Every structure is written in structure tokens, then in C-alpha cells.
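> Residue strings, one per chain:
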Amino acid sequence: MYEKNVFINCPFDEAYVDLLHAITFAISYSGFIPRSALEEVNSGEERLTKIVKLIKDCRLAVHDISRVELPASDALPRFNMPFECGIFYGALSLGDTKQRQKQFLVLDSEPFRYQKTLSDIAGKDPACHRNDPYEAVACVRRFLNGKGGAAPLPGETHFTDEYRKFQSALPALLQKVKLTPLEIRKMAYWTDYAAAAQVWIERRASDPAST
Amino acid sequence: MKKLVSNRPDGKPPKARPRPAVSKLAAERAKIKLPFKPEHVSEKALREAVDSLPA
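Protein sequence lines, in the order shown, are assigned to chains A and B.
Under the numbering used here, the first residue of the first sequence carries the number 1, and numbering increases by one thereafter.
Under the numbering used here, the first residue of the second sequence carries the number 1001, and numbering increases by one thereafter.
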């Protein structure tokens, strides 16, 4: 499923979870497959090895480089996202024919800030989500439109409306499977969130009025 | 079983209304299989939960 796999490269912290959930939903709703290093957290595989494998398996990627702020005065910046973006770009630039088909989206929370934080990607037109999950849905939808799925995708308003409906349905869904809204926000539960979104989207797909 | 009443001038039975086609995108979404399993809940339970939600 190389063609359909979308690698999500983003911060793994609770402050980012709303954006992660929005990006995950938008990828599935576009007919693609969200992939993350959060899969198989207990596999025992070295983290970097796992990430390189994932990147190799994904034609597409969403890299969020927005978390350059320091949450506290004694905190240090994290370089994982730009590093993984670089691995992806390296595969795209230096890999075989299959790897050269890669395409990626860079996300930031502020327009043009990348010119100071990651100026090497100038010309790649990073998109700006302004820390708004619905804007992140729209950014991902714009990126995936025409990327080899069923083009054209429905408009941004349809996507954000569907995301809102899923978020509204989620508490009742979680209650039925004995999970709590607090648990699903944990990174360790990302696979559960992704699966719930996929199943909900499949059900919507079987209802022609919803598409 | 109740017989359908025709309002066609030739008196023939009414044509069945065509079912709306599932869009290409919807069909693609339905084909997607995640390459990983949910870690804290079974897929079967998720499907049952989603099916039991009000439409």
C-alpha cells in the first residue's frame, strides 16, 4: 500500500493531540492510510529503525514543524520533526524510482516562520494550521487532493463538517467500547483512535447520502 | 403485499427509483485496511459500537 500510506511526523505530546487526531481523520477521509511511529509501540524495535522503515513504506508524508517554542524557560528545543523530515527528503532525493515518487506537506502554526526555523525548505510552501484542528483538516485535504486517490476530493467545508460529526459521535462510541475520552487522548491510544475513525468513515461510505 | 399504483399514462407499473451510486471516493475509503491493529479494543467491538450509533 505504498501509494496510499501517509507518514505523520509530528510531536507526540498531549498538547498536540487535537491536531494529531484531526490530521489522522483527514488522511483516512481522503481515502489514504495514516501511518505513525505510534504503531507497535511495544515491538521492541529501535525507534530510528522503525521510523526509517515507515518512511520507506510511505509515498506521502505530513511533517509538522510547528513545535519550535519552548514550553518552559528551562526546556530545550526538540529536533525530531525536522530530522525525520530530512530523512524523508533524503529518501525522495536519493532513493530509487519508487522512493522518488514521494511527496510531502510541511505544516507550521504561523505563516512564513519556517523562513527562520527551517529555511532550507523554502519553496516547499509550508501550510499553516494556526493550531486549529479544523484548519489542519483543510490543509491535509488540500495536500491529498489529486494525489492518486479518487480525485477530486469533496471541499474543505464537507471535510470539516464530517470531522465535527465524528468528534460528536466519539464519546458515545468510546463508551460502548469501554474507553474514556481522556484515554483516547493518550499517544498510546493512537491506533485505537485511527481504527475508530476508519470504521466510522467506512460506515459513512456505505451511506451514499453522506458522500 | 400492497400493489403499487401506476400513474403512467400507459398503465404500466411504475419504474423502480434507481439507487444512488456509492461515490468512487466512498468505495476507496471502504477498501482501506489499516496495517495495524487497535491496541486497547478489538476491531469487532469498534464495528459493533459504530453500527449501534444513531445514523
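Just so you know, the hints here were simulated from the structure itself, not pulled from any lab data.
One or more hints might be untrue.
[To be verified] With a straight-line Cα cutoff of 30 Å, these simulated BS3-like cross-link-like pairs (lysine-lysine) come out:
#1 B:1024 x A:102
#2 A:147 x B:1024
#3 A:165 x B:1012
#4 A:56 x A:165
#5 B:1024 x A:50
#6 A:56 x A:4
#7 B:1033 x A:53
#8 B:1012 x A:53
#9 A:4 x B:1031
#10 A:102 x A:4
#11 A:98 x B:1033
#12 A:176 x A:147
The structure displayed is predicted, hence computed values, not measured ones.
> Verify the proposed pairing of residue 147 of chain A with residue 1024 of chain B, using a straight-line Cα cut of 30 Å.
holds, 15 Å
> Is it true that the CA of residue 176 of chain A sits at most 30 Å from the CA of residue 147 of chain A?
violated, 36 Å
> So if I understand the rule, the pair passes when the alpha-carbon distance is 30 Å or less; does residue 1012 of chain B with residue 53 of chain A pass?
violated, 64 Å
> Can you confirm whether the C-alpha distance between residue 56 of chain A and residue 165 of chain A stays at or below 30 Å?
Violated, because 34 Å separates the two Cα atoms, which is more than 30 Å.
> For the pair supplied as a hint, residue 1024 of chain B and residue 50 of chain A, is the alpha-carbon distance within the 30 Å limit?
violated, 33 Å
> Within a Cα-Cα threshold of 30 Å, do residue 1024 of chain B and residue 102 of chain A meet the stated pairing?
Satisfied, since the Cα-Cα distance of roughly 24 Å is no more than 30 Å.
> Is residue 98 of chain A close enough to residue 1033 of chain B, meaning Cα to Cα at most 30 Å?
This hinted pair holds, its Cα atoms lying about 22 Å apart.
> Quickly compare the C-alpha distance for residue 165 of chain A and residue 1012 of chain B to 30 Å and report which way the hint goes.
Distance of about 44 Å is beyond 30 Å: violated.
> With the threshold set at 30 Å, check whether the alpha-carbon distance from residue 56 of chain A to residue 4 of chain A stays at or below it.
Holds, because 13 Å separates the two Cα atoms, which is no more than 30 Å.
> Take a quick look at whether residue 1033 of chain B and residue 53 of chain A sit within 30 Å of each other, Cα to Cα.
holds, 19 Å
> Straight-line Cα separation of residue 102 of chain A and residue 4 of chain A no greater than 30 Å?
Holds. Residue 102 of chain A to residue 4 of chain A sits at ~11 Å (cutoff 30 Å).
> Check the hint pairing residue 4 of chain A with residue 1031 of chain B against an upper bound of 30 Å on the C-alpha distance.
With Cα atoms ~11 Å apart, residue 4 of chain A and residue 1031 of chain B stay inside 30 Å; holds.
When held up to the earlier numbered hints, the structure conflicts with 3, 4, 5, 8, 12 and fits the remainder.
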